[in-house]
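Q: This is what each chain is made of:
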Amino acid sequence: MAPKRIVLRFRSDISVKPIVYRLVKDFDLVVNIVRADVNPQKEGTMVLEVTGDQSEKGLAYLRELGVSVQDLKQGIVRNEEKCVMCGACTGLCPTGALYIERPSMEVHFDEDQCIVCMLCTKICPMRAMEVHL
Amino acid sequence: MPMYSIGIRKGFFRSPGSRSLYLEGEFLKEYKDKAEQNLEVGSFMSIEKTYAEINAKIKTGKAVVVTAEELIALVEEKGLTEATREVDVVTTGTFAPMCSSGAFLSFGHTKPRMKMQKVWLNGVSAYAGIAAVDAYLGAAELPEEDPLNSNFPGEFRYGGGHVIQDLVARKPVKLKAIAYGTNCYPRKSLETMITLDEINEAILFNPRNAYQNYNCAVNLTDRTVYTYMGMLKPQMGNANYSTSGELSPLLKDPHFKTIGVGTKIFLGGGVGYVAWNGTQHFPAMTNVDGKELGGAGGTLAVIGDLKQMSPKWLVGTSFLGYGATLSVGIGIPIPLLNEEITRYAAMKDEDLFAPIVDYGEAYPSFTPGNLGYVSYAELKSGKITVQGKEIQTSPLSSMPRAREVAATLKKWIQKGDFLLTEPVKSLPSPADGIVAHSIKEV
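These protein sequences, in sequence, are chains A and B. Taking my numbering, the leading residue of the first sequence gets 1, the next gets one more, and so forth. Taking my numbering, the leading residue of the second sequence gets 1, the next gets one more, and so forth.
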């Protein structure tokens, strides 16, 4: 079964709750934490790969808690009108989701590889990489 | 009337199947005599074309126009002589951030009249120290309320370059002006909306564009730095460069044989002209082991009517931790007047080199020197090796856009509505040996 790649965003009161433990223990899910930004008393984000028969139930549990659950592919979007295909992002994208095809030197975005680190949204000189969370 | 005038230029010709030869003295005299006696000695003739001949062909739609990339393939296939004979014009292109850019705007008069002392467009200050309703909006200017680098690294989401793009996109822009008031210009303040079409003149005038060559930037320090060459990770974690290499206008005419004052160009999606050499114009070529290495080199000051340009080719640009600027599309036609011009226009990425410079310590402290040279072929491959370390490279200059500029200019010339202009004045070349000055503090 292919893992579901999701982005979680949650309020500060969720930060102290062991939600990943619950996904594993109560819903028997295999959880791979791709990226996490969790701090006490702060809003947090997490990028997960989730595998298991009860994954939909697990995600419903998270939503009941007030966690925003979103498909990873929709997290970062390239604004095709703004992108000039310079390639400035390609050396900094940590997973190679943004890459240059040679010899055309065209810049491509492979959403499946994106872990929503959001670095590109800050360093893109045209601000063509947008957060849709 | 012959299609090409045939002449002999002092000291240069190419015989078939050999490399270029430089000839002088007796042999040249003998060759010249022979050539005068027998114009059929084709292999000993160097090709010479004039602007007038090429323009006559453009007007009748008969000119052969190729992009610099296409010329490279053609020269590889047919050789310099045949390529020079066949091709009339080569088009180049670049699209990259060019900070020394801006626009002169003349707004038209208000009622009552006003001598604008300070001017803001969408909150970005424009220089108003010229006549009553004229101002110069610089691409790197930032809004007064911008937090700048106070929360480092600053984002610089909007600046003069963005205002220029908004104007060209025909978006209404807020004009605010203040004045001290005079008898002839009594008004003291103004706040209104303007559009590009409603103001009298808008002239893009960029004092330094189209850098011939540029540094490949790395960072030798232990901390991330945010520069105009982008974000550079510590200990050479990445390398950024910003030239279109074998498509770059001035890399294809490094001795300024055809590009000079008055040269008609593609500028910002419309037509522009070379106004002068750019500021910091320091063309130089050093021959090292048969490689012609250039530093940052020559630059151009360019000018054109902003009203006929396009927001696709004048794009507001932001560099994290550095500032705002404008990315400009520039394309320059190079007439293949003779083989020497062809030879340079056909230089490949393998033959063109960028100096590698440390932007962590050496550049900010103005310490001369570099970490060696790297070819554009290596830079474009995505990886270079510096001091034994393999580093990923990223361009800041868009190759797909550069290609589009060269292709667009080619189309304009082929259609017959873009003629070439012979420079009214040559620009300083490497032979002039211009030396850069720095500020002396007392």
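Since the hints were made in silico from the structure, they are not lab data. Keep in mind that the hints are not guaranteed to be accurate.
Simulated coverage check for chain A against chain B, where a stretch passes if three residues somewhere in it have a Cβ under 8 Å from a Cβ of chain B [stated by the list, open to error]:
1) 86-97
2) 118-132
Result set (DSS-like, lysine-lysine): computed pairs, CA atoms no more than 27 Å apart in a straight line [what the hints assert, rightly or not]:
3) B:K380 - A:K122
4) B:K307 - B:K233
5) A:K82 - B:K233
6) B:K171 - A:K82
7) B:K78 - B:K415
8) A:K82 - B:K307
Cβ coordinates follow ideal geometry from the N, Cα and C atoms, glycine included.
Q: Compare the structure with the hints numbered earlier in the document and write down the numbers of the violated ones, lowest to highest.
A: Of the numbered hints, just 4 does not hold.
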